[in-house]
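A.B. asks: One line per chain: the protein sequences are B and P, in this order. Reading the first sequence from the start, the letters are residues 1 to 425 in this note's numbering. Reading the second sequence from the start, the letters are residues 1 to 425 in this note's numbering.
The set of hints was computed from the structure by calculation and includes no laboratory data. Don't take each hint at face value.
Given that identical chains are not distinguished, each listed pair holds provided it fits within a single copy or across any two copies.
To be verified - Pairs of lysine to any residue, SDA-like flavour, derived with a Cα cap of 25 Å:
(1) Lys65 - Val78
(2) Lys207 - Thr398
(3) Lys278 - Phe157
(4) Lys207 - Thr4
(5) Lys278 - Gly411
(6) Lys422 - Gln96
(7) Lys34 - His183
(8) Lys34 - Asp168
(9) Lys422 - Arg295
These numbers were taken from a predicted model, which means no experiment stands behind them.
There are 2 protein chains.
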Amino acid sequence: MGVTEQAQAARRASYRLATLSTAVKDRALELVAKAIESHAREILAENLKDQQEARRQGLGEALFKRLLLSEDKIAQMVASVRDVIRLPDPVGRRLQARELDDGLTLTQVRVPIGVVGVIFESRPDALVQISTLALKSGNAVILKGGSEALHSNRVLFNLIRQAAESADPAFREALQLVETREHIRELLQLDSLIDLMIPRGSNELVKSIQENTRIPVLGHSEGVCHLYVDRDADLDMAVELGFDAKCQYPAVCNAIETLLVHADAAAEYLPRMAARLKGVELRGDERTRRIIPAREATAADWRAEYNDLILAVAVVDSLEQAIEHINTCGSHHTDAIATRNPAAARRFLAGVDSASVMWNCSTRFADGYRYGLGAEVGISTGKVHARGPVGLEGLTSTKYLVEGHGHLVAGYADGSRRFTHKDLP
Amino acid sequence: MGVTEQAQAARRASYRLATLSTAVKDRALELVAKAIESHAREILAENLKDQQEARRQGLGEALFKRLLLSEDKIAQMVASVRDVIRLPDPVGRRLQARELDDGLTLTQVRVPIGVVGVIFESRPDALVQISTLALKSGNAVILKGGSEALHSNRVLFNLIRQAAESADPAFREALQLVETREHIRELLQLDSLIDLMIPRGSNELVKSIQENTRIPVLGHSEGVCHLYVDRDADLDMAVELGFDAKCQYPAVCNAIETLLVHADAAAEYLPRMAARLKGVELRGDERTRRIIPAREATAADWRAEYNDLILAVAVVDSLEQAIEHINTCGSHHTDAIATRNPAAARRFLAGVDSASVMWNCSTRFADGYRYGLGAEVGISTGKVHARGPVGLEGLTSTKYLVEGHGHLVAGYADGSRRFTHKDLP
Numbered sequence: 001m002g003v004t005e006q007a008q009a010a011r012r013a014s015y016r017l018a019t020l021s022t023a024v025k026d027r028a029l030e031l032v033a034k035a036i037e038s039h040a041r042e043i044l045a046e047n048l049k050d051q052q053e054a055r056r057q058g059l060g061e062a063l064f065k066r067l068l069l070s071e072d073k074i075a076q077m078v079a080s081v082r083d084v085i086r087l088p089d090p091v092g093r094r095l096q097a098r099e100l101d102d103g104l105t106l107t108q109v110r111v112p113i114g115v116v117g118v119i120f121e122s123r124p125d126a127l128v129q130i131s132t133l134a135l136k137s138g139n140a141v142i143l144k145g146g147s148e149a150l151h152s153n154r155v156l157f158n159l160i161r162q163a164a165e166s167a168d169p170a171f172r173e174a175l176q177l178v179e180t181r182e183h184i185r186e187l188l189q190l191d192s193l194i195d196l197m198i199p200r201g202s203n204e205l206v207k208s209i210q211e212n213t214r215i216p217v218l219g220h221s222e223g224v225c226h227l228y229v230d231r232d233a234d235l236d237m238a239v240e241l242g243f244d245a246k247c248q249y250p251a252v253c254n255a256i257e258t259l260l261v262h263a264d265a266a267a268e269y270l271p272r273m274a275a276r277l278k279g280v281e282l283r284g285d286e287r288t289r290r291i292i293p294a295r296e297a298t299a300a301d302w303r304a305e306y307n308d309l310i311l312a313v314a315v316v317d318s319l320e321q322a323i324e325h326i327n328t329c330g331s332h333h334t335d336a337i338a339t340r341n342p343a344a345a346r347r348f349l350a351g352v353d354s355a356s357v358m359w360n361c362s363t364r365f366a367d368g369y370r371y372g373l374g375a376e377v378g379i380s381t382g383k384v385h386a387r388g389p390v391g392l393e394g395l396t397s398t399k400y401l402v403e404g405h406g407h408l409v410a411g412y413a414d415g416s417r418r419f420t421h422k423d424l425p
Numbered sequence: 001m002g003v004t005e006q007a008q009a010a011r012r013a014s015y016r017l018a019t020l021s022t023a024v025k026d027r028a029l030e031l032v033a034k035a036i037e038s039h040a041r042e043i044l045a046e047n048l049k050d051q052q053e054a055r056r057q058g059l060g061e062a063l064f065k066r067l068l069l070s071e072d073k074i075a076q077m078v079a080s081v082r083d084v085i086r087l088p089d090p091v092g093r094r095l096q097a098r099e100l101d102d103g104l105t106l107t108q109v110r111v112p113i114g115v116v117g118v119i120f121e122s123r124p125d126a127l128v129q130i131s132t133l134a135l136k137s138g139n140a141v142i143l144k145g146g147s148e149a150l151h152s153n154r155v156l157f158n159l160i161r162q163a164a165e166s167a168d169p170a171f172r173e174a175l176q177l178v179e180t181r182e183h184i185r186e187l188l189q190l191d192s193l194i195d196l197m198i199p200r201g202s203n204e205l206v207k208s209i210q211e212n213t214r215i216p217v218l219g220h221s222e223g224v225c226h227l228y229v230d231r232d233a234d235l236d237m238a239v240e241l242g243f244d245a246k247c248q249y250p251a252v253c254n255a256i257e258t259l260l261v262h263a264d265a266a267a268e269y270l271p272r273m274a275a276r277l278k279g280v281e282l283r284g285d286e287r288t289r290r291i292i293p294a295r296e297a298t299a300a301d302w303r304a305e306y307n308d309l310i311l312a313v314a315v316v317d318s319l320e321q322a323i324e325h326i327n328t329c330g331s332h333h334t335d336a337i338a339t340r341n342p343a344a345a346r347r348f349l350a351g352v353d354s355a356s357v358m359w360n361c362s363t364r365f366a367d368g369y370r371y372g373l374g375a376e377v378g379i380s381t382g383k384v385h386a387r388g389p390v391g392l393e394g395l396t397s398t399k400y401l402v403e404g405h406g407h408l409v410a411g412y413a414d415g416s417r418r419f420t421h422k423d424l425p
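Bound-form chain B, shown alone (with noise of 0.2 Å):
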């Protein structure tokens, strides 16, 4: 079976999908979580095998290490599914309803997305994870793994499809594995089969998927985002949310990436916070390089994403001018300000055209379970369909329901009769 003729029967088993019931999914799930329980011998052997030839062609250590599958590791991706059962159904939750006249009325509501594409690098923890999202969901979907977990990617997937299965036979076509590069670029063009892709992997990974599809694509690339300490900030505050935001876990991508600090505010708050991210390399602007040694910033620098122990540091003159320059700069995924002024905050939150912005906090909350999302499917910077942290509504799509009892239009056109239109509990 080709990769169009995949896509094809993930769509058509993707009808069916929409009209299972949660008690028929989530008993799906459940025999995932047991299949996989009870199979762990068997994905760890599958397992090694990835290992044996990572170590023969000289994969990464970090690589390496996110290939790693664990009798822990399994307990865990068993506790995740379990964790999905728990998530409540979004799917046929009403989002509006309203009487368009007697008898006649609108009901908009969830309903699943319908076929997902998912490209993901190493991890095979992932297949597990976005398969049973989407299965909770009522979405088909098309799995690409990394060619490096080939032998872990399949025997996963064998048991996930085979025990969903056994609960409702049209899993059988709704979860799909693709395992070749060359397949990957077939399915970026089954726009009319795919309604969303979801890259999950390194910002070059994203970007290739972003640039090479008309199917929507949910993620991010970049995480560039920034902390404004603010003329009027708590300073002490201001150096511990820098210190978190930068230090506490550097390599991700709402791990603050700029800094910029009130000219009023730097001489007092630039040494302290110096200080505080001893062995954090600085590449400041002139104004700052005047108040603490920093490597000199050039203009790359205000749109690098490091996720390391690196920091550009500016000086700027006005709030105004630290929206600009994260409006300008930043990647629209996370960015803070530390300061005591409400005003200023009120500004700063209305004016950064970012997914997320906080006041006060620390950048590193930008995340769906943080949210209290339950899941996080991903983390968007887009402005269409989901953005910021994306739980499960973001396999969803809405769909209007009109129930009636022979209503016509023709009474409505020529004026006979008209619209209510009340709004309903």
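Chain B is already provided as a structure; the job is to place chain P on it using the hints.
C.D. replies: For chain P alone, kept in the frame of chain B given last:
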């Protein structure tokens, strides 16, 4: 100024527009209404130039009609601007609020989408409608009108921009007009500057935009809508529904193109329906033609959008077969079932994958005004961002605001603090 510079200016202005109060935007709209009102004679004079040019070039009568302005039409334009003033401002509306921990709150609010590109054909009132909707929702907008309305568009655009500008200078850069066809190609490349494209016009226009850009497109290229008459239908009602949905206004996207009839109802229903549809050309499958006279339908008829007094008719053996036909051959726009059986209706409403699905009412209700959305930005058959008739909300995105008191992630990461995740009213 080239198109890219225009888009950059619009992007710059969009940040300012996002922070304007409803009062300022409504004042700008009132000035726009007054400007159009007081310059009616000038607008008509410019429109006359377009008419003369159109006559010289032998423009078709239908297009000529859509181009034509009159004092009445100008009064309608002015009234439509004042209608937009009365619409509630979606920007700033709170969608959800949650306490993450003591003193740390998350709020999701509506924000303008940013920069919207609009490409429309002939009708100069489309320029007024879409630019005032964009203005109300705080969006910058780049407009490209049909070349046949060049003078009309130009005078209307200048009046709108000047009027809006006197309420806030940001509107000068926020409203941009583009005049040549070559510029469309350039616009479609600007996916980093334009957030959403809205084509308004023929199927061909919409399709060509969708196929030539990575910018999200709001719209639908086709409306292949169905009425399915179930075995348990009230046949009197089903006859009137078929007549209204086909004949009340056959040229529009929500008129039906295919009628599906359950085999058990066909012998009684089809002759009555055919009598009611006198003057409509019927194209039937074999079983239909055994009951009523009709031309033989070809494979192309099941996917055809006639926008005319032509109807494809097929007999099906089951509700499931009807659903499958609609999902496979339809355009996922609007489809209806006529039945007295609630269980059958529920299966149809859940199983048909269309933006609007209806029970015992005419497909012609699928419309923003009839749905009570206030104004219609367009009808979308896409599954991301917005689906079905789209109101002012379709010109918005969302943003997460997080407000704390120096909250750091470190405490939650090391387990010393826990999230409370309490939904707030």
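A.B. asks: Evaluate each hint against the coordinates.
C.D. replies: Going through the hints against the structure:
1. Lys65 - Val78: within (20 Å within a copy, 65 Å between copies)
2. Lys207 - Thr398: between (28 Å within a copy, 23 Å between copies)
3. Lys278 - Phe157: For lysine 278 and phenylalanine 157, neither the intra-copy (46 Å) nor the inter-copy (56 Å) Cα distance is at most 25 Å.
4. Lys207 - Thr4: The answer is both: 23 Å in one copy and 22 Å across copies each meet 25 Å.
5. Lys278 - Gly411: Close across copies (20 Å), not inside one copy (75 Å); limit 25 Å.
6. Lys422 - Gln96: both (11 Å within a copy, 23 Å between copies)
7. Lys34 - His183: neither (31 Å within a copy, 58 Å between copies)
8. Lys34 - Asp168: within (16 Å within a copy, 62 Å between copies)
9. Lys422 - Arg295: Answer is neither; intra-copy 63 Å and inter-copy 45 Å both fail.
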